[in-house]
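**Student:** So you can see what is in the structure, the chains are spelled out below.
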Amino acid sequence: MSEPNNRRPYRVLGTTPLREDGVEKVMGQARFADDVFLPRMLHAAVVRSPHAHAKIRKISTHKATAMPGVFAVLTGSDFPTLEPTILSHSDASTTDDLKDISENCMARDRVLYDGHVVAAVAALSRHVAQQAAEAIDVEYEILAPILDIEEALNEETPALHEDFTPGQFVLQTKKASANASGFEMNIGEDQDAFSTAEVVVEKRYRTRCVHQGYIEPHAVTVQWGSDGIMTVWTCTQGHFAIREQLSIVLQHPLSKIKVIPTEVGGGFGGKDLIYVEPAAALLAKKTGCPVKMVMSRAETLRGTGPSPGAVINVRLASDKKGTLLAADLELLYEAGAYPGGPVGSAGLAATSRYKISNQTIRGVEVLLNKPKMKQYRAPGGVPVNFAVESTIDILASKVGIDPLDFRLKNAMAEGDRMVTGLPCPKIGGRELLEAVRDHSHYRTPLSGPRQGRGMAYALWFGAGKTSSVSMTVHGDGSVLLNVGTPDLSGTRLTLSMQAAEVLGIDVAEVSARVLDTDSIAFSYKTVASRTTHSTGIAVYQAANNALREMARRAAVYWDIEESSVAITRGSFSDLGNPSRCLSFLELAKLLEKLGGPITVYGNASPGSNGCQLAAHLVDVEVEVDTGKINLLRYTAFQDAGNAIHPDYVSGQMQGGAAQGVGWALNEAYFYSEDGKLLNTSLLDYRMPTAVDLPDIETVILETPNPNHPFGVRGVGEVPIMPPAGAIANALYNAAGIRMTELPMSPGTVLEKIKENID
Amino acid sequence: MSEYSRRVQVTINAREHEIDCEPRQSLLELLRDGLQLTGSKEGCNDGNCGACAVILEGKCVLSCCVLAVEVDGAIIETIEGLSDGLELHPLQSAFLQETALQCGYCTPGLIMAAKDLLSHEPNPSESRIRHWLANNLCRCTGYDRIIKAVKKAGETIAASHE
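Those protein sequences? They're chains P and E, same order as listed.
Heads up: the first sequence begins at 469 in my numbering, then just goes up one per residue.
Heads up: the second sequence begins at 253 in my numbering, then just goes up one per residue.
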């Protein structure tokens, strides 16, 4: 890893301390959701539809109810009936219609995808619950499923829903046809940009549905007290989100729901929506016992929220010198069974790293009989980045310019107009591309035949949103930092580091916790690369509040005006008598006599977290006999704003790249003709293993984000975007074949090689 | 417990246990549900993710694919047995120092699989480590740091034997 230059005067930031919670994790003591055990706890299992589309005629539960060890059975009729409910506040936990979410958790009169839950049962053990679930008879009237985008858009295809609330994730869509809703963004006045351009390229791409693939399946335990207070232990990216959704779906007051976040075994955008939580809660209410429900791997793949497959049409125009003039994109994304997929965020990120004065971007999301699609690390960004970055290479080649130079020539910079019409904020795009150009990887010749080098470039927005923290300075000088954003990958440490930086103390003196919904003020989810950034701002505020309060106490101690206390890197001095000075620890030890420990708060709602930029460079070798693509060398470049913990930034870059490589080469949902998911195990849903990936070298650049006190940018999402485009471009350079579909699995590559020979 | 239950005697992390198991229960269930040794994780329950790896009679196995009744009389080592809490095992230290974990869910399985490797080959090549750990999925890290951690732990262990 190349480390960023430590040119700024930070003491803690930019170092690589060890995480406090890591010890429990390497010792097997960290408590994940399935590790919750309560007295009298029951285990639940659900019945899932084996059909992609069917009416539920009848559910017979009597056999299950009569089985020994079975305590309660639940169906859709036990759920409150909701009117369409859209949350309109700015920190809404979901932009989806909660009526849809309720029906996604438990089908009412119809099942809309293979794996849709139709009933649940609570029993003494998981085995008994599963047996009882198998004993529940569901009579279905099978309906024709809609399984692909073109079919769903065909005017003759019946509507999946009589009516639906159009999706509004990031961008509001409007109903466009029976099974689709969409948006259109335009900038530029030149109607003739395409007809007068010297070079125009148009290409159509197709990608498949993939899963986030977190290793920990969803799990929840719910206790419903006789006082009506519901306590929920679950692995989630947002416990306040789970609370809000449960409150609406179960029509239960927010103040009577306490959600306790456990450690989370990976989320990547897939763990912030309720699935089995309401059923577990209703079973807990029915039985008076705590109920635990853990999804199997097959259930996780069939019944949660994967990332949509897409069909993307890209048309780009440039002049003969390689200046981009116009872009026209159509993004058709699967929504799955209910609206609200990530087509809007895909549209925003489609071209926004390039300066293109005339653009039309149409996004459409399409309802069909697959699971309700969800966010996955840079939601919607991978398919469209693959499509646009492939087309950029084709265009550069037509113009006769090196693809890197082409990107540099057209890179968006601060002040350029984005597709939203807004000026681009300060970003280090050119610097990033120049770093690629100057890197030894870019300059080292390839070493053999059938090898090729390719690159792709990406920009992602992320989000700001609300974070709350509280901080206590104890009499022994140690600091407790409480936050409301779940820690997926080490954010307790990156937040502690920011606290220590402000307080002028060692990071080991700060201990951070993620508190439950009763114990800390509202915080938005850990999503959109926001926690180190946005919760970091709240931490910065709290730490400054703590210093101010300590200065006040010092003033009392010295009997001087508060304004006469100077604070310098964690020590306090009397401006009128500089020989009087107290270190942070010395003053902390006096706190008990000066009013007790200090507890302060921080709360931030930044509008964004700065743009994230990544460029990936990859060398591939293609096996012409099998179509297999081997990755020989991989370098990921990213602008981290200010890398708080460079190893963690690098880890995010490597992890994102690894997921992007899986998406590019192997991963896809396979459906049968009647809409059953065929690859429901991790053997058949093939994620990268240690032998599939090369070392992923990382290069961190730092263009500080002007809207964060330490210049932090979001980091986590963007590295998943470039791999598919970079590999596709490298493959073209290795073998002269242009893949327009993901995944580029050996079979599809081989087919293309054969086509090329014929 | 059903009428088919069997009593299983097993030594786990140098402690003897006697526990009634149903024939359909896996070793992973025995550990997690029976003894609340929850360090071994369930990620797939069909032998494809490696999160439940433990060492059975000196050899790494996936505990979701072993029946509990099969381990009667056996000696088992789980992640909980690696350290007394005062001093971490070299693999545990190396995973921390090399930032080889993010969410940490796959970590116990990876450490147990790596321990088995290092007990036979203290100085494996990077390629050897990658192939050995190919049955352990990690979705967060991209593996690079895990491979480095295992290599480093091997060196530490070898140095301590000199």
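Because the hints were derived from the structure by calculation, they are not lab data.
Don't take every hint at face value.
To be verified - Below 16 angstroms or equal to it, Euclidean Cα-Cα: the simulated EDC-like pairs (lysine to aspartate or glutamate) are:
no. : chain 1 : residue 1 : chain 2 : residue 2
1   : P       : Lys567    : P       : Asp631
2   : P       : Lys671    : P       : Asp796
3   : E       : Lys403    : P       : Asp944
4   : P       : Lys877    : P       : Glu899
5   : P       : Lys726    : P       : Glu670
6   : E       : Lys311    : E       : Glu407
7   : P       : Lys1057   : P       : Asp944
8   : E       : Lys400    : P       : Asp1115
9   : E       : Lys400    : P       : Glu899
**Student:** Would you mind marking each hint as holding or not holding in the structure?
**Tutor:** Now the hints, each set against the structure:
no., hint, in the structure
1, P:Lys567 <-> P:Asp631, "holds, 12 angstroms"
2, P:Lys671 <-> P:Asp796, "holds, 11 angstroms"
3, E:Lys403 <-> P:Asp944, "violated, 39 angstroms"
4, P:Lys877 <-> P:Glu899, "holds, 12 angstroms"
5, P:Lys726 <-> P:Glu670, "violated, 52 angstroms"
6, E:Lys311 <-> E:Glu407, "violated, 21 angstroms"
7, P:Lys1057 <-> P:Asp944, "holds, 6 angstroms"
8, E:Lys400 <-> P:Asp1115, "holds, 13 angstroms"
9, E:Lys400 <-> P:Glu899, "violated, 30 angstroms"
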